[in-house]
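A.B. asks: Protein chains in written order, with this note's numbering: chain A, 1 to 435; chain B, 1 to 515.
Check each hint, because a few of them may be wrong.
Only pairs whose alpha carbons sit at most 25 Å apart, straight line, appear in this in silico BS3-like list of lysine-lysine [stated by the list, open to error]:
1. A:Lys412 <-> B:Lys468
2. A:Lys306 <-> B:Lys300
3. B:Lys265 <-> B:Lys78
4. A:Lys186 <-> A:Lys412
5. A:Lys74 <-> A:Lys242
6. A:Lys415 <-> B:Lys78
7. B:Lys277 <-> B:Lys468
8. B:Lys277 <-> A:Lys164
9. B:Lys289 <-> A:Lys164
10. A:Lys382 <-> B:Lys322
11. B:Lys322 <-> A:Lys415
What the hints contain is simulated information worked out from the structure, not anything from laboratory work.
Keep in mind the model is a prediction, meaning the values are calculated, not measured.
Take a look at the letters that make up each chain.
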Amino acid sequence: MIPQSAFTICAVVEPTHLGELRALLARMNILHGMADPDNSLVPFGQIHTLHFARFVIVESLTNDDILVHGEVPKPWAPMLVFMGDCDGPRDVVLAELAVRAKPGLEKIFSCCQGFAGTSDTLLEWMQARNVVPAASYVNWLGRTVAQVHEELALHRLLRQQLVKMQQSPVSDDPAVIHRHLQTVVKEAVANGQLTLSPIPKTPFGWRIKNLLEFILVPLVLILLAPLFLVLAPFYLFVLRRKEKADPEILLRPDPQWAAQLAALEDHMVTNQFSAFGDVKPGAFRRYTIIAVLFLLNFAARHLFNKGYLTRVQTIHFAHWIFLDDKRRVLFFSNYDGSHEAYMDDFINKVAWGLNLVFSNGVGYPASRWLVKGGAEYEGKFKRHLRRHQLCTDVWYKAYPDATATELARNIKIRKGLETPVFREDSEIRDWLSLI
Amino acid sequence: MTNQTAFDFTDIQGIVRFGHGRLKSACMLLLNIKDPAAARQWLRATAFTSGASTDPLPDAALQIAFTARGLARIGVDKDVLTQFSDEFLAGMYEPSRSRHLGDTNTNAPDNWRWGGHEGALPDLILMLYALPGRLETLHQELETSLFKDAFTEQAHLGTNHVVTTEPFGFADGVSQPKIDWQRDQTADLHRRDSYSNLVALGEILLGYPNEYGEYTARPLVSSELDTRAAALPEAEDQPTLKDLGRNGTYLVLRQLEQDASGFWKFIDAQAGHDPLKREALAEAMVGRKRDGTPLMPIEKNLVEGIDPDDREKNNFSYDEDKQGAACPIASHIRRSNPRTGDFTPGVTGFISRMIRVLGFHNASREQDLVASTRFHRILRRGRVYGDFIKPEDALLEQNPAQERGLHFICLAANIRRQFEFVQSAWAASGKFAGLQDEEDPLMGNRKPLYGGTRTDQFSQPHESGIRKCTADLPQFVTVRGGAYFFLPSISALRYLAAEPVTSGVTNTTTSAGTV
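All chains, please: the whole structure from these sequences, using the hints.
C.D. replies: Structure, rendered in structure tokens:
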């Protein structure tokens, strides 16, 4: 199993080059933010380990919101963020990008501060500006781009076979059908029509590190539990006091901005989401969100790594990234369905989870006990999020028409195919019904 | 929330409460305002049908709704107008919205007969209903000289006065949500674990709590700044302001042309010209038999919000039909109303609830893809147009003499979360509930996905495990026009009919952002 990693290159844009940068980014698109996989600047499609990628010019649209807390807004200079989700170590894919997309990336980054006249190589420059997300969610840990494509092709082949059988049945016996399909696939593999690469070995170092984390984090939490118990009443007291006092900002998103965001949506079955906002001032919120994102990252890595994040099954990758000394959070996700469906899925299924994280953000609809309220106020919540949403200037997805649900199903289909013999006919029928 | 006082039906337009089904003759006039002052004068002089019960029953009804442009023309101030929802203000034809709704290719607004762009938008719609034979007279009585000074007619949408079956031959409007008029529904969310047909008043009307217990954003007006607002009801959640939205709602109209002969010819060919198989395939696509009987077996225990006399048609959910063996998942009625609760079936106590909340209930994960239907209900008030044709005749028809279709009308307090969601996430989506690239078998526009994957298929589970797939579905339904309207309350109509204050004092409420 090859674990996934992410790169997040963050570079402040040279103010005089902002317009030029926007024009460059637009050149990479076929239409409305949808990247051309073969574009001449960054040919995403050539990087065979890249699942998703995006360029976003991060601007602080809500910079003045913090005034409601009596704080003077800190100026924010537009920042270019180049993020990608890939198979294997980050540095390998960055090195590949630094070779394959060298002229393009140089052109893009020369619009950013600190690029002109640097003695670093492109790779070193990018590595120096990489920010590791505070929390990441990967829909299916270990599923590589290659595996996705191979299994999509496998599904297509099996589907064709079943359509053929509708005309000329092979047999009434499910076991015979299963064997027949196994033979067809074997032949397709043999004559090069289909590739089904074996799942590679998990890197040893990664396994050890993962295992240690899996054991040590809960262990430390258990050891510290008595301390948490003692502190909990004080924590909850302060939390409730703050929750009652924290001001909400319920302004309607600018309709023109909302229209620009909508223009980038619903081209594919999957959509992108980028949002940026300030953490509420003070140590309390700062350490709360650090702790919550730490736990979220742990849960995503160890508990929710097989196709679902609690009840939500539509997210491919999501990242929470601290910027500006943890004063601000950048959130990126890639989800199936429309923006409205995504919001509703979250509100109706995991409002509590949204509240845990986002109620630490300035202006969020009032939460109670860190999990209640907040996103449960549907109208307020949708306005809040839309106001913080950014245009994803360039967005790439390696498998445009496939949803996360379907990729999970393809894994099951392959597993069934590779099962030498099923015990029950009903198991074969269930398997056939997946195809 | 429980409200002891009985609901006041006199302030709503009748179409919210009644489908006017007894008034079989109907037509819709799409009008533009020629002279705003004359239009206001005509509004003041005209009585619109309210939702109050009458004895004897009425022999005619008149309803009215405005587009955003129409509201501006009639004299609604800009700062009141901007408090309406974004989708209403932007209009159905906006390009991003078209992509969202599947109004692309042949369905694209560019090809619409009306409503396809700002210039082709009507200002208002008048809906006339009458007993058979009375419609012409009603129409003539309506068109006074004042009327002619006030309006120009952009289009006249006729309807079929005889049948209530839609052109493919199936009963239409069989399932409707039941409105909780008295607001008796408990606020305890755990009671919504399973499907209920009862919807909060605020889902259908503005000015009342919706299924989230919230008041949907709507125009609120200060009567101090705008004297016209004095007669409007108070906003329940902001009593210092008057509620222009309360007892009103949004009305969605889409003219959908239906190719009846194309539909039946395709089905017939697929069925090998076997009448029984033909009928079965069409039923599977719809999810009901022609007379409206559902393919799902009727359940013993009455589902909340289903009237006992509606038992035979609507007392079912799909809980026990995970794979779609009884009613295909892709069928039209299943994807228009998936009848799911907030949780998959089987919540018995705290532990089983928590397991589901955290997503660890493996057995029901696929069923959980589409949950909480209650937030996406619409009240349908459509009317069929074109002459009726029996499926058997549709098969033989060479060149239809007349276009047939449905003037799809629905009412909802939140166009985006209700109508647009049902249309985009359920009907037009090839991935609904985990389906393998299948749009609505009846309504799909058959446009391939971004990467070229085809969506023109329909599949049914089969006992062998091998899904029976019908491929190469042609397009049967084409969008010919559409617009979003605001259906005002009776008191809001009085507000719209009043002469605007010309003192130059602008209304500066900012309530839309704070509701």
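A.B. asks: Look at each hint and say if it fits the structure.
C.D. replies: Here is how each hint holds up against the structure:
1. A:Lys412 <-> B:Lys468: Holds: Lys412 of chain A and Lys468 of chain B sit about 20 Å apart, inside 25 Å.
2. A:Lys306 <-> B:Lys300: Not satisfied, since the Cα-Cα distance of roughly 38 Å exceeds 25 Å.
3. B:Lys265 <-> B:Lys78: 51 Å, violated
4. A:Lys186 <-> A:Lys412: Holds. Lys186 of chain A to Lys412 of chain A sits at ~18 Å (cutoff 25 Å).
5. A:Lys74 <-> A:Lys242: 22 Å, holds
6. A:Lys415 <-> B:Lys78: Judged against 25 Å, a Cα distance of about 61 Å means the pair is violated.
7. B:Lys277 <-> B:Lys468: 13 Å, holds
8. B:Lys277 <-> A:Lys164: Distance of about 20 Å is within 25 Å: holds.
9. B:Lys289 <-> A:Lys164: Not satisfied, since the Cα-Cα distance of roughly 30 Å exceeds 25 Å.
10. A:Lys382 <-> B:Lys322: 31 Å, violated
11. B:Lys322 <-> A:Lys415: Judged against 25 Å, a Cα distance of about 22 Å means the pair holds.
In this structure, the hints that do not hold are numbers 2, 3, 6, 9, 10, in rising order.
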